[in-house]
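Colleague: Which chain is which? The protein sequence lines are A and B, in order. Under this note's numbering, think of the first position of the first sequence as 1, with each following residue one higher. Under this note's numbering, think of the first position of the second sequence as 1, with each following residue one higher.
Hints in this document: simulated from the structure, not taken from any laboratory. This structure is a prediction, so every number in the text was calculated from the model and none was measured. Treat each hint with caution, since some may be false.
Stretch-level coverage of chain A by chain B, calculated; a stretch enters the list once three of its residues show a Cβ under 8 Å from a Cβ in chain B [as the list claims (entries may be wrong)]:
#1 55 to 67
#2 80 to 92
#3 134 to 141
#4 159 to 169
#5 249 to 256
Computed cross-link-like contacts, DSSO-like style, restricted to lysine-lysine with a CA-CA straight-line distance of at most 30 Å [stated by the list, open to error]:
#6 Lys28/B - Lys129/A
#7 Lys82/A - Lys201/B
#8 Lys138/A - Lys201/B
#9 Lys201/B - Lys63/A
#10 Lys129/A - Lys201/B
#11 Lys4/A - Lys71/A
#12 Lys82/A - Lys131/A
#13 Lys201/B - Lys131/A
#14 Lys85/A - Lys30/B
#15 Lys89/A - Lys205/B
#16 Lys89/A - Lys201/B
#17 Lys201/B - Lys121/A
#18 Lys154/B - Lys82/A
#19 Lys125/A - Lys205/B
#20 Lys63/A - Lys205/B
#21 Lys138/A - Lys205/B
#22 Lys201/B - Lys125/A
#23 Lys205/B - Lys131/A
#24 Lys205/B - Lys121/A
Backbone N, C-alpha and C fix where the C-beta goes; we use that ideal spot for every residue, glycine too.
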Amino acid sequence: MAEKLLEIKNLKTSFRIKDDYFAAVDDVSLNVNKNEVLAIVGESGCGKSALAFSIMGLHTRAKMEGDILYKGENIVGISPSKLNKLRGKHMGMIFQDPLTALNPLMIIGDQIGEALLLHNKEMSKTQRKEKVIDLLNKVGIPRPEYVYEQFPHELSGGMRQRVVIATAIANEPELLIADEPTTALDVTIQSQILDLIKDLKDDMNSGIVLITHDLGVVAEMADRVAVMYAGEIVEIAEVTELFEEPLHPYTRSLFNSVPNASEEQDRLHVIQGIVPSLQNLPRTGCRFAPRIPWIDESAHEAHPELHEVKPGHFVRCTCYKHFRFPEEVGKEEEHHGVS
Amino acid sequence: MEANVEVKAKEVIKSPSGFSVVWRELIKDKLALISLIFLIGVTAFVYGTAIFLDQEEIVKVDLFSIYEPPGEEFILGTDYGGRDVFGQLIIGTRNSLSIAILVTLMTGIIGIIYGLVSGYFGGHIDNIMMRILDFFLILPFTMIVIAFVAIVPKYSVWTFSLIMTAFLWMGIARLVRSKALAEKELDYIQAARTLGTSNFKVVFKHLLPNVSSIIIVNMTINLAGNIGLESGLSFLGFGFPESTPSLGTLLSYARNPQTLEFRWWIWVPASLMILLLMLAVNNVGTALRRAVDARQRRG
Chain A
1 MAEKLLEIKN
11 LKTSFRIKDD
21 YFAAVDDVSL
31 NVNKNEVLAI
41 VGESGCGKSA
51 LAFSIMGLHT
61 RAKMEGDILY
71 KGENIVGISP
81 SKLNKLRGKH
91 MGMIFQDPLT
101 ALNPLMIIGD
111 QIGEALLLHN
121 KEMSKTQRKE
131 KVIDLLNKVG
141 IPRPEYVYEQ
151 FPHELSGGMR
161 QRVVIATAIA
171 NEPELLIADE
181 PTTALDVTIQ
191 SQILDLIKDL
201 KDDMNSGIVL
211 ITHDLGVVAE
221 MADRVAVMYA
231 GEIVEIAEVT
241 ELFEEPLHPY
251 TRSLFNSVPN
261 ASEEQDRLHV
271 IQGIVPSLQN
281 LPRTGCRFAP
291 RIPWIDESAH
301 EAHPELHEVK
311 PGHFVRCTCY
321 KHFRFPEEVG
331 KEEEHHGVS
Chain B
1 MEANVEVKAK
11 EVIKSPSGFS
21 VVWRELIKDK
31 LALISLIFLI
41 GVTAFVYGTA
51 IFLDQEEIVK
61 VDLFSIYEPP
71 GEEFILGTDY
81 GGRDVFGQLI
91 IGTRNSLSIA
101 ILVTLMTGII
111 GIIYGLVSGY
121 FGGHIDNIMM
131 RILDFFLILP
141 FTMIVIAFVA
151 IVPKYSVWTF
161 SLIMTAFLWM
171 GIARLVRSKA
181 LAEKELDYIQ
191 AARTLGTSNF
201 KVVFKHLLPN
211 VSSIIIVNMT
221 INLAGNIGLE
231 SGLSFLGFGF
241 PESTPSLGTL
251 LSYARNPQTL
261 EFRWWIWVPA
271 SLMILLLMLA
281 VNNVGTALRR
291 AVDARQRRG
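With the hints as extra help, turn the sequences into a complete structure.
Modeller: Right under this line is the structure:
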């Protein structure tokens with residue numbers, strides 16, 4: 001078995017809304033191994049980013065329960081100075097929007113150099129500059145000596161995302177969290193950035209948590225996939241397994257909503273309704289039930305838990321056994337009518 | 001085709017620095033440029049000549065030359081104590097400017113730190129800090145300054161500045177807080193934290209530079225306000241004693257109707273100085289304000 005790098009146990013991150021705490025990440029347990037890409041997918045508002053921020057300890061006013069073990073050491077509730085020794089050195093984060101993730105008043109060299117400055121006190125100025133230029137080369141930025149002196153606004157989106165990545169990997173962290181690293185970029189740049197992250201993973205042998213809502217990205221990058229809905233993990237499996245045999249209604253709905261180029265479609269498939277807001281989230285029963293109302297209530301569990309249906313493939317709630325898309329249901333009935 | 005447009009790979013196009021943006025704005029706005037030159041001129045002259053002028057000598061009462069109109073000996077005449085109005089104007093302008101600059105800087109430093117801490121940490125800290133600030137805001141400024149004037153035995157530029165500072169730092173603190181609240185939500189602050197940067201460094205290395213433009217503009221406008229405020233307090237008799245001339249003390253001679261009507265040379269120059277200084281500072285301030293906002297720039 002691969003070496004466990006990060007172990008999340010029953011993590012619950014709650015935010016305070018009008019004197020009450022609401023869990024955005026609700027009882028999530030996950031493992032990330034070395035040299036593995038774990039993708040977390042789900043719609044907007046499912047708690048993916050909240051989970052990423054929890055791992056990095058960026059929530060300042062959230063209530064966090066449960067454990068996050070980094071190499072066996074619990075990092076929930078440790079002192080900021082201890083956390084600061086981990087962040088940047090052992091954990092790096094790539095942000096979603098390269099336009100805002102860089103300080104507009106700092107030259108590129110200083111931004112990347114900051115991570116080095118904080119964790120390698122004995123590094124001299126010239127060494128640091130060499131290392132930064134090295135990093136810029138690594139992430140594929142042409143003319144690094146020139147870019148070193150530039151401000152973020154002088155670079156394009158793709159270039160800026162490369163700088164953001166360079167900053168995150170400056171100290172070769174063992175755990176890299178990429179929060180939708182390609183969402184803000186156009187398609188050609190997307191694949192370049194993904195290739196880059198892949199290469200870096202192979203280089204540094206680190207574990208990557210890739211947060212995305214793009215299933216194409218997942219197929220290309222991930223080793224394992226966790227599907228998140230309304231703060232919970234509803235399905236987790238190896239990537240090939242999940243793509244071949246998605247079980248949970250939510251996962252299947254997600255796959256179903258991807259437009260199919262080979263088939264002629266009048267309308268795109270959508271999932272009914274929206275992700276409920278934090279306050280209105282159903283806390284008991286199957287959380288996805290309101291969005292598949294044609295499935296009988298008896299199909300759902302009262303307290304859905306993750307079931308291991310195959311080795312390494314977990315699904316929450318029993319409703320997956322009874323779930324069919326409405327158009328399938330319609331077809332079947334037609335079929336019965338004819339016969 | 002446009003193949004003839006050759007791009008030199010080595011050509012470095014630098015984006016304009018902050019100073020050159022301000023300079024372009026000033027070149028375009030002639031009034032602000034004149035104001036800046038006037039300000040620099042007055043400041044240099046006032047502080048320059050004040051080195052040679054003896055304050056004791058100027059405030060010495062000379063009963064043989066009371067209420068002399070402007071003439072050969074006294075360029076701007078004398079007041080009821082036979083003291084040279086021109087000399088008082090120079091020293092008064094210097095004192096007034098010193099106070100205004102001191103107060104602006106001190107309120108600035110306190111306000112910036114207070115606002116940054118309050119805005120960055122937010123939550124309960126922000127709540128408590130803002131309630132304390134509200135308490136200071138509701139205090140009647142003039143009344144308290146009057147009370148302090150009565151308590152403090154020896155009055156100097158320093159004590160006066162400190163008293164004013166104690167009740168004038170709230171505006172800039174609020175402004176900085178609101179900017180910090182908005183700015184800290186941006187990803188680069190979070191990104192800096194993921195690198196392991198301590199809160200102290202995040203606040204002063206990342207947050208402060210990004211709110212600095214609005215601070216500079218606000219402090220410039222405050223400077224003009226503080227000149228007026230000092231003059232106003234002195235005019236009411238709660239500023240400096242006559243032995244320490246300021247623009248306000250010169251102005252306060254106009255409380256005497258005789259002086260107001262017939263001896264214009266005592267108070268008109270000081271009033272003009274106040275007017276021109278405040279206008280000039282405001283003009284420069286608005287030019288600065290335009291310079292820091294790309295949408296309003298003219299230059």
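Colleague: Could you work out which of the previously given hints the structure breaks and list their numbers from low to high?
Modeller: Result: hints 3, 5, 6, 14 and 18 break, sorted rising.
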